[in-house]
Every structure is written in C-alpha cells, then in structure tokens.
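Please model the entire structure based on the sequences and the hints provided.
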Amino acid sequence: MSRPSPSLQGRLVGLVVGLVAALWIAVTAFVWVETRHELDELHDGHLAQAAALLVAQNLREIEDDAPVDAPLLHRYAPRVAFQVWHEGRLALRSANAPTAPMVSAPGRSASGFETIEIDGHGWRVFATRGAERDVQVYVGERSDARAAILRAVLRGLLAPLALALPLLALAGWWAVRRGLLPLRRLGDTLAQRRPDALLPVALDDVPSEMAPMLAALNDLFVRIAALMETERRFTADAAHELRTPIAAIRAQAQVALGEADDAARRHALEATVEGCDRATRLVEQLLTLSRLEAGGAPARAPVDLVALARTVVAALAPQAIAHGQDLGLDAPPACQVPGDETLLAVLLRNLVDNALRYSGAGAAVQVRVERHGAQARLVIADAGPGIAEADRARLGERFFRVLGSSASGSGLGWSIVERIVAVHHGSLRSGSSATLGGLEVTVELPLSAGNVRAA
Amino acid sequence: MRILLVEDDPLLGDGLRAGLRQLGFQVDWVRDGEAALRELRAQPYAASVLDLGLPLKDGMDVLAQARRHGLTLPVLVLTARDALPDRIRGLDVGADDYVVKPVDLHELAARLRALVRRAHGQPQERLQAQGVVLDPAGRSVTLDGVDVPLAGREFDLLHVLMLNAGRVLTREQLEQHLYSWGREVESNAVEVHVHHLRRKLGSALIRTVRGVGYMLPRDAAAVP
Numbered sequence: 001m002s003r004p005s006p007s008l009q010g011r012l013v014g015l016v017v018g019l020v021a022a023l024w025i026a027v028t029a030f031v032w033v034e035t036r037h038e039l040d041e042l043h044d045g046h047l048a049q050a051a052a053l054l055v056a057q058n059l060r061e062i063e064d065d066a067p068v069d070a071p072l073l074h075r076y077a078p079r080v081a082f083q084v085w086h087e088g089r090l091a092l093r094s095a096n097a098p099t100a101p102m103v104s105a106p107g108r109s110a111s112g113f114e115t116i117e118i119d120g121h122g123w124r125v126f127a128t129r130g131a132e133r134d135v136q137v138y139v140g141e142r143s144d145a146r147a148a149i150l151r152a153v154l155r156g157l158l159a160p161l162a163l164a165l166p167l168l169a170l171a172g173w174w175a176v177r178r179g180l181l182p183l184r185r186l187g188d189t190l191a192q193r194r195p196d197a198l199l200p201v202a203l204d205d206v207p208s209e210m211a212p213m214l215a216a217l218n219d220l221f222v223r224i225a226a227l228m229e230t231e232r233r234f235t236a237d238a239a240h241e242l243r244t245p246i247a248a249i250r251a252q253a254q255v256a257l258g259e260a261d262d263a264a265r266r267h268a269l270e271a272t273v274e275g276c277d278r279a280t281r282l283v284e285q286l287l288t289l290s291r292l293e294a295g296g297a298p299a300r301a302p303v304d305l306v307a308l309a310r311t312v313v314a315a316l317a318p319q320a321i322a323h324g325q326d327l328g329l330d331a332p333p334a335c336q337v338p339g340d341e342t343l344l345a346v347l348l349r350n351l352v353d354n355a356l357r358y359s360g361a362g363a364a365v366q367v368r369v370e371r372h373g374a375q376a377r378l379v380i381a382d383a384g385p386g387i388a389e390a391d392r393a394r395l396g397e398r399f400f401r402v403l404g405s406s407a408s409g410s411g412l413g414w415s416i417v418e419r420i421v422a423v424h425h426g427s428l429r430s431g432s433s434a435t436l437g438g439l440e441v442t443v444e445l446p447l448s449a450g451n452v453r454a455a
Numbered sequence: 001m002r003i004l005l006v007e008d009d010p011l012l013g014d015g016l017r018a019g020l021r022q023l024g025f026q027v028d029w030v031r032d033g034e035a036a037l038r039e040l041r042a043q044p045y046a047a048s049v050l051d052l053g054l055p056l057k058d059g060m061d062v063l064a065q066a067r068r069h070g071l072t073l074p075v076l077v078l079t080a081r082d083a084l085p086d087r088i089r090g091l092d093v094g095a096d097d098y099v100v101k102p103v104d105l106h107e108l109a110a111r112l113r114a115l116v117r118r119a120h121g122q123p124q125e126r127l128q129a130q131g132v133v134l135d136p137a138g139r140s141v142t143l144d145g146v147d148v149p150l151a152g153r154e155f156d157l158l159h160v161l162m163l164n165a166g167r168v169l170t171r172e173q174l175e176q177h178l179y180s181w182g183r184e185v186e187s188n189a190v191e192v193h194v195h196h197l198r199r200k201l202g203s204a205l206i207r208t209v210r211g212v213g214y215m216l217p218r219d220a221a222a223v224p
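Those protein sequences? They're chains H and Y, same order as listed.
Going by the working numbering, the first sequence opens with residue 1, and the numbers climb by one from there.
Going by the working numbering, the second sequence opens with residue 1, and the numbers climb by one from there.
Just so you know, these hints were derived from the structure itself, not from any lab.
Do not rely on the hints blindly, as some may be mistaken.
To be verified - Taking beta-carbon pairs under 8 Å as the criterion, some of the chain Y residues facing chain H (in silico):
#, residue
1, ASP9
2, LEU11
3, LEU12
4, ASP14
5, GLY15
6, LEU16
7, ALA18
8, GLY19
9, GLN22
10, ALA80
11, ARG81
12, LYS101
13, PRO102
14, VAL103
15, LEU105
No experiment lies behind these values; they were computed from the predicted model shown.
Using N, Cα and C, we set each Cβ at its ideal position, and we do this for glycine too.
Okay, structure coming up:
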C-alpha cells in the first residue's frame with residue numbers, strides 16, 4: 001500500500017459534489033437566460049409605456065419654447081433618461097439626458113428599440129413619435145442597470161452553492177465512509193489472515209452488493225484449498241511411493257553384502273541395480289507429472305505421429321525381443337498432429353512400455369496409427385490378460401496398480417498419459433482388444449488442419 | 001524361526017526374503033492379502049512381516065481379520081505409510097511393531113527376534129536351560145560356558161524347543177516350524193536333528209514323549 005491508489009471514497013465524494021455543482025450551475029445558467037429575457041421584456045415594456053405617456057403629455061403641456069429639465073427624483077433616476085422633441089426642438093429632457101437626440105441617425109430610428117452608447121455607457125433606448133409626427137420621444141435606460149439586477153439574481157443563486165459545496169463534500173465524505181465500512185471490515189479480515197488459512201470468510205451483515213464478491217472470494221478459497229490439498233497429497237504419495245524402491249535397494253544391497261555364495265550375491269546386486277532403475281523411472285515420472293500439472297500450454301508444432309511411433313517402437317523392440325514378444329507398428333506414411341513432440345513421445349513410450357510390461361512373455365503387442373475423420377487415432381493393443389472393467393475405471397488414480405500383476409510399476413504412467421492427452425485436447429479410452437484379446441488403449445488427437453484436407 | 005513375509009513389491013520381497021534367510025529365518029513370501037490370511041491360518045509362523053498396501057486385501061484388514069480369528073503371533077507392520085494416525089491405527093488394530101520403509105535388515109531381524117521372544121514370555125535376549133545358553137541374535141549356543149557349534153537346522157530346532165520350554169511339540173509342528181515351503185523334509189529329519197543335539201548337548205536336554213513328540217523341560221533356576 002505504499003503507492004497511492006485511487007480511493008473509492010474520494011471518487012464517490014468527488015462524483016457527488018461534482019454532480020451537485022454541475023447541476024446547480026446548469027440551473028443557474030438556465031435562470032440567468034430566463035431572467036435576462038424576462039427582464040428585457042419587462043424593462044422594454046416600461047420604456048415603451050413611459051414613452052407613450054410622454055408623447056400623450058407633451059401635446060397638451062409643453063408649449064414653451066425653452067427646453068425643460070426634469071429633476072432626478074429617485075436614486076435610480078440617473079440610470080433612466082428621456083428626451084422629448086417637439087417639431088425638431090428639444091422640449092423636455094431628464095437632467096442626465098444629452099441635448100443631442102439620443103438616437104442620432106435621422107429618418108431611420110423614428111421608432112423602436114435601439115442600443116447606443118452615451119458617455120461610455122451602454123443605453124437601451126426606445127424611440128417613438130406622436131400621432132401627428134411632430135413629437136419625437138426618446139426613453140432610455142442604462143444597460144448596466146439590467147446587468148446589476150442579473151448579477152444580483154446570479155449572486156443569490158451561486159452564493160449558497162459556494163457555501164453548500166464544502167458542507168456537502170464533508171457530509172458526503174462521512175456518509176461514504178460509513179457506507180463503505182463493510183468493505184473495510186472485509187479488507188481488515190483478509191489482512192489479518194494467515195496465508196495458509198483458506199477457510200471461507202464469514203462476515204455478519206454483508207451488504208447485498210458485496211455478497212457476490214464475497215461468494216466469489218470464498219469459492220476461490222475453496223478451490224485453492226482443494227488444489228493445495230491435492231498437491232500436498234501428491235507430494236506425500238510420491239514420497240511414500242519412493243520408499244518402497246529405496247527399501248528394496250537397501251534390502252538387496254544388504255543381502256549382497258552378507259552373501260557368501262557368488263550366484264546369490266550376483267542376483268542381489270542385479271536386483272539392486274534394477275531397484276535403482278525403478279526409483280529413477282519413478283522420479284522421472286513424478287517430474288513429468290508435476291511439469292504437466294504445473295500447467296502451461298504445450299507447444300503446438302506439427303508432429304508426425306507415425307515417425308514418433310516408429311522411434312518409440314524401435315527403442316522398445318530390443319526389450320520386447322528379449323521377452324519373446326511380438327511388437328509391431330501398422331501406420332500410414334505420415335500423420336501430422338499439432339502438439340509437443342517430447343510429451344507425445346512420453347505418451348507413446350508409456351503406453352507401449354506398459355503393454356509390453358503387463359502382457360507377459362511371448363505376447364503380441366500391436367501399435368496402430370490411423371486417420372479417423374479429423375482425428376488421428378493411436379491404438380496400442382496387446383495379447384496379455386487385459387484389465388477387468390472395475391480396475392480399468394481406477395486406472396486414472398495415481399499409484400493405482402492392477403492387482404495380481406507381477407510386473408513392477410509406480411501406477412503413475414496412466415496419470416501421465418491422461419494429462420498429456422488432456423493438454424492436447426484429445427480423448428483416451430481403454431477397452432478389450434478384439435483382435436489380440438488383451439488390453440486395448442485408444443488415443444484420439446485432433447489432426448493438423450492441412451492433414452485433414454489431405455486425408 | 002519361520003516367518004511369513006507379506007509384500008507385493010517383487011524386488012523388495014525378494015530382497016527381504018534373501019536377507020532374512022541370511023540372518024537365520026525360514027521365510028515364506030506371499031504377495032497379496034488373501035494369501036497372507038490363508039497362510040497365517042494354515043501354518044504356525046513365529047511371526048509375520050506385513051506390508052499394508054497389498055493387492056486383494058489391505059494389510060490392515062489382514063491384520064484385523066487375523067486377530068479376529070484368534071491368531072496371536074507377533075506381527076511387524078512394514079510400510080511406506082508413516083503418518084502418525086496410520087501408526088496408531090496399525091498398533092491399535094493389532095500390530096506388535098510398526099516399521100517404516102526403508103529398514104535395515106539387521107534391525108528388522110532384531111525386531112522380529114524381540115517380538116518372538118516377548119510373545120513367548122521371555123524377557124531376556126538369551127534363552128537358557130540346563131546349562132545350555134542360546135543366543136538368537138548371534139545364532140550361537142554354549143554349554144556351561146563353552147561354545148558348541150551347531151548346524152543351522154539343529155540351532156533352529158533347539159531354538160523352537162527352548163522358546164516353547166515345558167510344552168510338548170509334535171514332529172509335524174516341529175517340521176512346520178523348521179521348514180519353509182519348497183524345502184524338502186526328509187521323513188526322519190527331526191529325529192536326526194534331535195539325535196545330534198543330544199550328542200552335542202547331553203541326552204537329558206530333550207525329552208521324548210513316545211508317540212507324541214519332544215519337549216524341553218522348563219528350567220527351574222532363574223536366568224542370569
């Protein structure tokens with residue numbers, strides 16, 4: 001937690017405050033536009049009405065030649081000005097009105113609204129004439145008067161916001177903090193856990209939003225616990241499984257040490273070497289299996305299953321011949337499957353080796369590679385005693401050995417074969433061989449794309 | 001001393017059989033639980049070395065059933081399972097000793113001898129009767145402190161008789177004690193061995209119970 005990470009609380013508070021502020025400002029903008037519009041209408045109406053009054057009044061009262069300056073009666077008055085022109089002469093004006101016509105463009109601005117500038121101030125002026133066209137009236141209002149009203153309205157709207165926002169942020173902070181309490185409690189609970197404690201987390205009053213996360217977390221714990229248990233059992237099993245060959249090596253070596261008879265000593269020494277080979281094989285199988293279990297996708301290079309089968313059969317043929325076994329390969333010229341050559345060789349060697357081992361001396365062992373639709377089919381059949389159905393179901397169990405067989409084995413081979421087939425997305429089944437009568441193992445692997453078309 | 005070795009691993013079974021034979025045991029070897037139970041009930045073994053992970057019947061079941069059948073022979077469990085619950089369960093089910101693989105052959109032999117001795121109520125390693133002292137570990141016999149060289153069968157016969165001092169053993173029982181399977185037993189082998197023992201250790205040591213068998217009288221004196 002040394003690096004500052006984005007805080008959920010900060011985000012929530014920021015969002016709420018930001019949203020409220022944005023909404024408020026939008027409302028203010030709307031009010032401003034509306035108010036300005038209404039204000040313009042209202043004030044323009046007043047100007048027009050005042051002009052109409054002046055026009056009506058002028059006709060009767062102002063007959064004098066000298067222009068009259070109307071006094072300023074209200075503090076607001078300097079912002080309002082008017083001129084009354086009678087037959088081209090200025091008859092009446094407010095004290096702050098200029099002596100020149102407020103709207104100077106003649107002919108065009110006889111009546112209507114106009115925005116002009118007088119002494120550096122903007123003015124809104126309404127011009128009109130009497131019915132006989134001898135009276136010209138200008139009524140003006142300084143534009144900043146309207147702006148002042150607008151500003152006052154805006155101030156009234158924005159000032160509370162400026163005051164409310166920090167308060168809102170504070171209240172939001174507190175509320176969010178309270179709302180996120182269960183999340184922090186979960187964090188504390190997890191932080192206090194020992195790394196090997198994989199029991200599900202039990203929290204009281206979990207909010208419904210957190211329940212799926214907690215359920216997923218607990219599910220993960222259960223799966224990790226199961227995985228660790230499998231690993232632990234595998235390690236223990238593997239260690240136990242190594243004890244027997246080591247015990248055999250030790251016993252045979254001690255027999256050799258204590259044996260006076262040469263033939264018997266030789267037998268014991270040979271058995272010692274055999275025991276070492278077996279222990280080595282077991283270790284290799286354990287390593288293969290652990291590598292396979294560690295996951296990681298295997299290579300997907302095209303592998304010629306036929307060439308591979310030929311290599312494996314050739315390697316195991318001397319052993320078969322020594323036991324009077326008839327080992328043969330039936331295969332098309334080539335059969336490409338995508339996969340890991342090393343792993344597929346391990347698969348083949350395990351299956352052929354097992355067939356040789358368990359079929360007994362003199363038995364026939366047949367390896368077949370064939371294409372079957374989009375699948376490459378690898379069949380290893382033998383003329384041995386086969387495996388009972390009940391035992392076949394247990395082949396996948398690690399270290400399971402078919403009872404009564406005299407051959408030595410770790411029982412890991414099938415587990416390895418299963419894993420290799422699985423990582424190649426193939427299928428594996430065992431049955432009884434129709435031709436040879438013994439065990440028949442069939443592996444199906446997807447063919448390489450090019451190979452399917454060729455087939 | 002005739003023992004039954006129950007071990008399904010061919011290499012280990014072969015090694016244990018050869019090794020225990022070197023150390024003076026008569027060893028019969030079976031590879032599965034059913035055969036083990038059958039042989040235990042059929043033959044008077046002095047003891048049994050029992051593996052647990054066995055084909056057909058688990059070693060623990062073999063042990064439990066053997067005890068239910070009233071078989072009291074000492075059983076040494078030899079196994080790869082070293083977890084404490086396994087050990088406890090093994091001993092509770094009726095094992096007399098629990099040894100985890102791999103095991104030293106000499107230690108295994110010593111444990112078997114100790115189990116057999118205790119099973120016969122003999123607290124001491126050496127057996128003694130009428131001036132004859134038998135050392136099962138060293139496979140040596142002395143008469144009044146003087147070494148008496150004995151042939152293997154003679155020693156085994158004397159060992160059985162001394163272990164069962166005070167009890168009459170029939171000729172068939174003695175043959176069963178002395179010979180593991182596949183060893184040819186001459187019809188008068190026991191008589192011949194008894195004759196040799198009497199010649200070497202004195203005629204009064206072994207009594208003949210006519211028409212029944214032989215007995216070595218229990219020694220009244222305390223064992224030194």
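Hint check:
no. : hint   : verdict
1   : ASP9   : 5 Å, holds
2   : LEU11  : 4 Å, holds
3   : LEU12  : 4 Å, holds
4   : ASP14  : 6 Å, holds
5   : GLY15  : 3 Å, holds
6   : LEU16  : 5 Å, holds
7   : ALA18  : 4 Å, holds
8   : GLY19  : 5 Å, holds
9   : GLN22  : 5 Å, holds
10  : ALA80  : 4 Å, holds
11  : ARG81  : 6 Å, holds
12  : LYS101 : 4 Å, holds
13  : PRO102 : 4 Å, holds
14  : VAL103 : 7 Å, holds
15  : LEU105 : 4 Å, holds
The earlier numbered hints are all upheld by this structure, with none contradicted.
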